[in-house]
Amino acid sequence: MSRLSIITRDKAQTTVEELYKDLERRIVASPPGLCPVDLAVSFLKVCHAQTCGKCVPCRVGLGQLQNLMEDVLDGRGSMETIDLIEKTARSIYYSADCAIGYEAANMVLKALKGFRDDFEEHVLRGRCTCELNQPVPCVALCPAGVDIPGYVALVAEGRYADAVSLIRKDNPMPSVCALICEHPCEARCRRNMIDASVNIRGLKRFAVDNAGDVPVPEPAPSTGKRVAVIGGGPGGISAAYYLALMGHDVTIYEQRKQLGGMLRYGIPNYRLPREVLDREIEALLSVGVKVKTEVTVGEEPSIVDLRNLYHAVYIAIGAHTDKKIGIEGEDAEGVISAVEMLRKIGDGDMPDFTGRNISVIGGGNVAMDVARSAVRLGAESVRIVYRRRIEDMTAMPEEVQGAIAEGCEVLELMAPTRIEKDEDGKVAALWAQPQIIGPVQRGRATPVKADESEKCLKCDTVLVAVGQGIESKPFEEYGIPVKRGVIEALNWSGIKDIPGVFAGGDCVTGPATVIRAIAAGKVAAANIDEYLGYHHTIKADIAIPKISLDDRMACGRVNMKERDACDRKNDFEPIECGMTKQEACQESRRCLRCDHFGFGIFKGGRNEKW
Amino acid sequence: MGYMTIDGRKVEFTDEKNVLSVIRKAGISLPTLCYHSEVSTFGACRLCTVEDDRGRTFASCSEEPRDGMVIYTNSGRIKKYRKLIVELLLAAHCRDCTTCVKSGECILQELAHRMGVVDVRFKNTREIRPIDDSSPSIIRDPNKCILCGDCVRACEEIQGIGALGFAFRGTDATVMPAFNKKIAETDCVNCGQCRVYCPTGAITIRTHVDEVWDALADPDVRVVAQVAPAVRVAVGEAFGMKKGMSVMGKIAAVLHRMGFDEVYDTTFSADLTVMEESEELLERLRRKEDLPLLTSCCPAWVKFVHDQYPEYVHNISTCRSPQGMFSAVIKEYYRDPRNTGGKKTVVVSIMPCTAKKMEAVRPNSFTKGKQDTDIVITTTELIRMIRNYGIEFSTLDPEACDMPFGMGSGGGVIFGVTGGVTEAVLRRLTPVHEKAALDAIAECGVRGDEGIKEVTVPYEDMELKICIVSGLANARKVMEKVKNGEADYHLIEVMACRRGCIMGGGQPTRAGDRTKEARTKGLYNADNNMILKKSDENPLVLSLYDGLLKGKTHELLHNKES
Chain F
1 MSRLSIITRD KAQTTVEELY KDLERRIVAS PPGLCPVDLA VSFLKVCHAQ
51 TCGKCVPCRV GLGQLQNLME DVLDGRGSME TIDLIEKTAR SIYYSADCAI
101 GYEAANMVLK ALKGFRDDFE EHVLRGRCTC ELNQPVPCVA LCPAGVDIPG
151 YVALVAEGRY ADAVSLIRKD NPMPSVCALI CEHPCEARCR RNMIDASVNI
201 RGLKRFAVDN AGDVPVPEPA PSTGKRVAVI GGGPGGISAA YYLALMGHDV
251 TIYEQRKQLG GMLRYGIPNY RLPREVLDRE IEALLSVGVK VKTEVTVGEE
301 PSIVDLRNLY HAVYIAIGAH TDKKIGIEGE DAEGVISAVE MLRKIGDGDM
351 PDFTGRNISV IGGGNVAMDV ARSAVRLGAE SVRIVYRRRI EDMTAMPEEV
401 QGAIAEGCEV LELMAPTRIE KDEDGKVAAL WAQPQIIGPV QRGRATPVKA
451 DESEKCLKCD TVLVAVGQGI ESKPFEEYGI PVKRGVIEAL NWSGIKDIPG
501 VFAGGDCVTG PATVIRAIAA GKVAAANIDE YLGYHHTIKA DIAIPKISLD
551 DRMACGRVNM KERDACDRKN DFEPIECGMT KQEACQESRR CLRCDHFGFG
601 IFKGGRNEKW
Chain P
611 MGYMTIDGRK VEFTDEKNVL SVIRKAGISL PTLCYHSEVS TFGACRLCTV
661 EDDRGRTFAS CSEEPRDGMV IYTNSGRIKK YRKLIVELLL AAHCRDCTTC
711 VKSGECILQE LAHRMGVVDV RFKNTREIRP IDDSSPSIIR DPNKCILCGD
761 CVRACEEIQG IGALGFAFRG TDATVMPAFN KKIAETDCVN CGQCRVYCPT
811 GAITIRTHVD EVWDALADPD VRVVAQVAPA VRVAVGEAFG MKKGMSVMGK
861 IAAVLHRMGF DEVYDTTFSA DLTVMEESEE LLERLRRKED LPLLTSCCPA
911 WVKFVHDQYP EYVHNISTCR SPQGMFSAVI KEYYRDPRNT GGKKTVVVSI
961 MPCTAKKMEA VRPNSFTKGK QDTDIVITTT ELIRMIRNYG IEFSTLDPEA
1011 CDMPFGMGSG GGVIFGVTGG VTEAVLRRLT PVHEKAALDA IAECGVRGDE
1061 GIKEVTVPYE DMELKICIVS GLANARKVME KVKNGEADYH LIEVMACRRG
1111 CIMGGGQPTR AGDRTKEART KGLYNADNNM ILKKSDENPL VLSLYDGLLK
1161 GKTHELLHNK ES
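As given, the protein sequences belong to chains F and P, one line each in that order.
Residues in the first sequence are numbered consecutively from 1, following our numbering.
Residues in the second sequence are numbered consecutively from 611, following our numbering.
Bear in mind the hints are in silico, worked out from the structure with no lab data behind them.
Quick caveat: nothing in here was measured; it's all calculated off a predicted structure.
Do not rely on the hints blindly, as some may be mistaken.
[To be verified] With a cut-off of at most 30 angstroms between alpha-carbon atoms, the simulated DSSO-like pairs for lysine-lysine come out as follows:
#1 F:K113 <-> P:K693
#2 P:K791 <-> F:K11
#3 P:K954 <-> P:K978
#4 F:K87 <-> P:K690
#5 F:K426 <-> F:K324
#6 P:K689 <-> P:K635
#7 F:K292 <-> F:K496
#8 P:K733 <-> F:K113
#9 P:K693 <-> F:K45
#10 P:K1160 <-> P:K978
#11 F:K113 <-> P:K690
#12 F:K569 <-> F:K581
#13 F:K539 <-> F:K609
#14 P:K627 <-> P:K690
#15 F:K324 <-> F:K449
#16 F:K45 <-> P:K690
#17 F:K292 <-> F:K344
#18 F:K110 <-> P:K733
#19 P:K689 <-> F:K113
#20 P:K627 <-> P:K1087
#21 F:K455 <-> F:K569
#22 P:K1126 <-> P:K1091
#23 P:K733 <-> F:K45
#24 P:K1045 <-> P:K1131
#25 F:K323 <-> F:K426
#26 P:K898 <-> P:K1170
#27 F:K110 <-> P:K690
#28 F:K483 <-> F:K110
#29 P:K689 <-> F:K45
#30 F:K483 <-> F:K113
#31 P:K693 <-> F:K87
#32 P:K693 <-> F:K110
#33 P:K689 <-> F:K87
#34 P:K980 <-> P:K1170
#35 F:K87 <-> P:K733
#36 F:K110 <-> P:K689
#37 F:K569 <-> F:K324
#38 F:K546 <-> F:K609
Please model the complete structure; the sequences and the hints are all you need to start from.
What follows is the structure, encoded as structure tokens:
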């Protein structure tokens, strides 16, 4: 008999570990539109399987909660059942011995709080409130509803121009999105159930890179209706493009010198090369969109003027004003807002940071953009100062990694407190208070002051990237409702009680993503068309390739390579390398064709027009 | 040391090991199903959950008292949670209370009543599982188990055996012997402590009451009872009398009323045991062999030695237990055709002990190949018989035991408490009977409720080293020392149950510290009230050696080689 023994994993344990991973990926790939009550019961079952059986609330209580919730699902429940579920869950939450029990009960409490109406719907009407309207996960999760399985299949067949045309049906800016889309479509890709999501953005890039010039469709006959689009960003351009295709007479009013909005004035060239952007905009305008640049709507012409001149107005002004952090010394010479800096770069006015020591305040994508731009502009050192942890940053992880690779230093858990000025009023240092990570509030861990003294970070330039706002004032004066700093628009882009005026994009949602702005433009175009009394349809008429049956073997996901950090940090040239043809072929064939398999095939598997 | 506020009142605490104890000290009977101060804290039932002034809820059994704590034991939500826990337990539990042997003594039943659970809103998820009736002492009904783990911890921690354990996990968690063996196939020593700790009817005494009633109803049967010392201090409390009060006279009276032909006090045969065992000790000291002598009056301990320390079986005293000696003597007496009166004799032994049921059927305790003790019932079963009969026990006039064996000494009475056997043997070994000499023995370290006591007493030209143990986990510690040559005792007295037979597995349950103390005191008081203190001065015993036992001491009073 040995006193102790070395613990080795047996085959069963190893397999269970694998199954855990499978389940994790399966949850990642959970299709949208499932019955939340059904899911909650299933989760509860998993939780109950973890119980050790010691304490009564967990051992017995979780099982009884399951029974009650199944009663609700199966139509045996009543409103009293829901009440009992809540009481039981609360009792378990406060009396179970360990987290296995009380957190399981907490999930039920959250469910009751989050979708009690769904529980009630089951009890009162024997059905679910959620709708199974778009069961293809990537399409459902793309704000613009792009036919992803369709174009991925086209890429697999080498029909790149068709792929671009198919994308343009729902998203007029495939080249832009191929480079900078945050690809929400990949989040619940069913391929996760086998290995990992398909690299959808990478395939789109391969399509646009290889499609050559794809002509835009012929617009419909002129309707004679005039539409003004305020703001020439991705949302405004998208709306203008579709409206022009429908035969309307569209004019974009742009405040700056060039079109593109944040694509030009927010995103550096190394992520989105200007020639790509210019070519894309040029192609879209070719359907007959008129453009007026360097016109500030609200000053001249006024909104009233526009409303009088046009049959409809779409407000897509974006979120371009910078937020201040509100610390002492923010007025020092050498404090530059990220918005201001990127705007100058957008118009080719490159600041010279040679030899500068720079502190960047913020943890979002914009903070990474200015930090990485600063490196390229010759800065001696670039520090990113962030009050939470790196994993709490809102920037995409690859952006943060990219910044670090290019030599930026990230100081996490440091809250800027003041900017020290020298005798000339120039930035001398950024002072920051060390933090520790603390309680989770509204789903996010918040920082708390650490028991350490303030730190002095010597620097001569401070770049502030702590968020953007919108310039809503002239619109508010005109009577357009503004709530919490953004324009209040309805889910169909209309403005309550102001017929003919529509709004969408960042100016409605607050700073968001390009694909959401594009989607807003698409929605606005459809509803403006309706408003103007038409029902034009947008379609692509492209035959989608047949499915293949050899996609089931597990296969790694092809990720895009980047230029070496030491090389790319010296210029503003694009850093990401596209896929090779071999890679694109393999990657596109990983698509499981959810438009064909599963419920996706129902009613043909796709919306061919809108 | 410190103060806490419990339900708005300031309460002092000293060395209480948890908040629950402080709450109970403050006079609030907070319910628990899985907490016992003598075994480790488990925190499974969650009934003792309380709330503090910051709204945090926790099980008070699992939390140490801290100065300045503010505790609410009965806030609105805590009451709701507590009630719901009982409801959840009942949802998975057999609800046949009316036909449950534990009815009226079941803590779950009591709590359901106390919490006002009049309706169980949950689905009945009870499964039907087979009952284990393999043991001669206890019945295990897994359908009534609430998985509090009390029996598991009592068996493991107090008795050091671990016959029961948790098997499976989650909803399938079950208490059972390893590999789902029958309890009789395990190292279970039949002590019944699991049954004492069990709050429900999941582990109960295997009852033999019907057999007693049948014998009493049979005109051709002479029913003879022997009543062990510890029984007398535990019956009264069931009938509203003072805890620990010795009611031997009332027991004799009630047994007579029920129809027992003769009622004897096992104290008598305890005296016989003292005589025989003292002799055996002296003999072994002379021979310097088979030392230490291990006492044999506790059958659970004897089985423990057979199972765990077989190499020490020879050290066990060959003496039968008082129960065994008495039954053998009674049976021998009625083997004489002059005494039979044409009737068959049935000996009913009334014991504080479930293991005695096992001892009675142990073949090496038989005489002439026949079982001497026909039926063993426990104190708990006697109480049930009295209730069944309907006699108002507390008002009964006491009666004396019968002849020819109706007399015992104080040395025999104290057999029911740990250290009693040793004390009685020491009384036997001292040549005098002056009070001062007997007091000196009482004060030499044999008394007290510690689990392991060591005493050294001078005897003739030597120092007699004695170890007195109660609780088999303690016995294991002592046996390991003996085995490793770290101790050289001459005599080891072991009672399997902590504090001795007064806390035996057949005694009424739910005995707290006060009851334990009262029962101990009760036996020592009974000893104080006896004229005879020394077993060797019991005239009935002495005359027995000249009569019935002549030439038969070994056959009737000693176990056969096993």
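Status of each hint after checking the structure:
no.	hint	in the structure
1	F:K113 <-> P:K693	24 angstroms, holds
2	P:K791 <-> F:K11	28 angstroms, holds
3	P:K954 <-> P:K978	16 angstroms, holds
4	F:K87 <-> P:K690	9 angstroms, holds
5	F:K426 <-> F:K324	18 angstroms, holds
6	P:K689 <-> P:K635	20 angstroms, holds
7	F:K292 <-> F:K496	28 angstroms, holds
8	P:K733 <-> F:K113	24 angstroms, holds
9	P:K693 <-> F:K45	24 angstroms, holds
10	P:K1160 <-> P:K978	17 angstroms, holds
11	F:K113 <-> P:K690	20 angstroms, holds
12	F:K569 <-> F:K581	27 angstroms, holds
13	F:K539 <-> F:K609	4 angstroms, holds
14	P:K627 <-> P:K690	27 angstroms, holds
15	F:K324 <-> F:K449	21 angstroms, holds
16	F:K45 <-> P:K690	25 angstroms, holds
17	F:K292 <-> F:K344	20 angstroms, holds
18	F:K110 <-> P:K733	23 angstroms, holds
19	P:K689 <-> F:K113	23 angstroms, holds
20	P:K627 <-> P:K1087	25 angstroms, holds
21	F:K455 <-> F:K569	29 angstroms, holds
22	P:K1126 <-> P:K1091	29 angstroms, holds
23	P:K733 <-> F:K45	16 angstroms, holds
24	P:K1045 <-> P:K1131	19 angstroms, holds
25	F:K323 <-> F:K426	21 angstroms, holds
26	P:K898 <-> P:K1170	22 angstroms, holds
27	F:K110 <-> P:K690	20 angstroms, holds
28	F:K483 <-> F:K110	28 angstroms, holds
29	P:K689 <-> F:K45	28 angstroms, holds
30	F:K483 <-> F:K113	26 angstroms, holds
31	P:K693 <-> F:K87	11 angstroms, holds
32	P:K693 <-> F:K110	23 angstroms, holds
33	P:K689 <-> F:K87	12 angstroms, holds
34	P:K980 <-> P:K1170	13 angstroms, holds
35	F:K87 <-> P:K733	16 angstroms, holds
36	F:K110 <-> P:K689	23 angstroms, holds
37	F:K569 <-> F:K324	28 angstroms, holds
38	F:K546 <-> F:K609	20 angstroms, holds
Checked against the numbered hints above, the structure breaks none of them.
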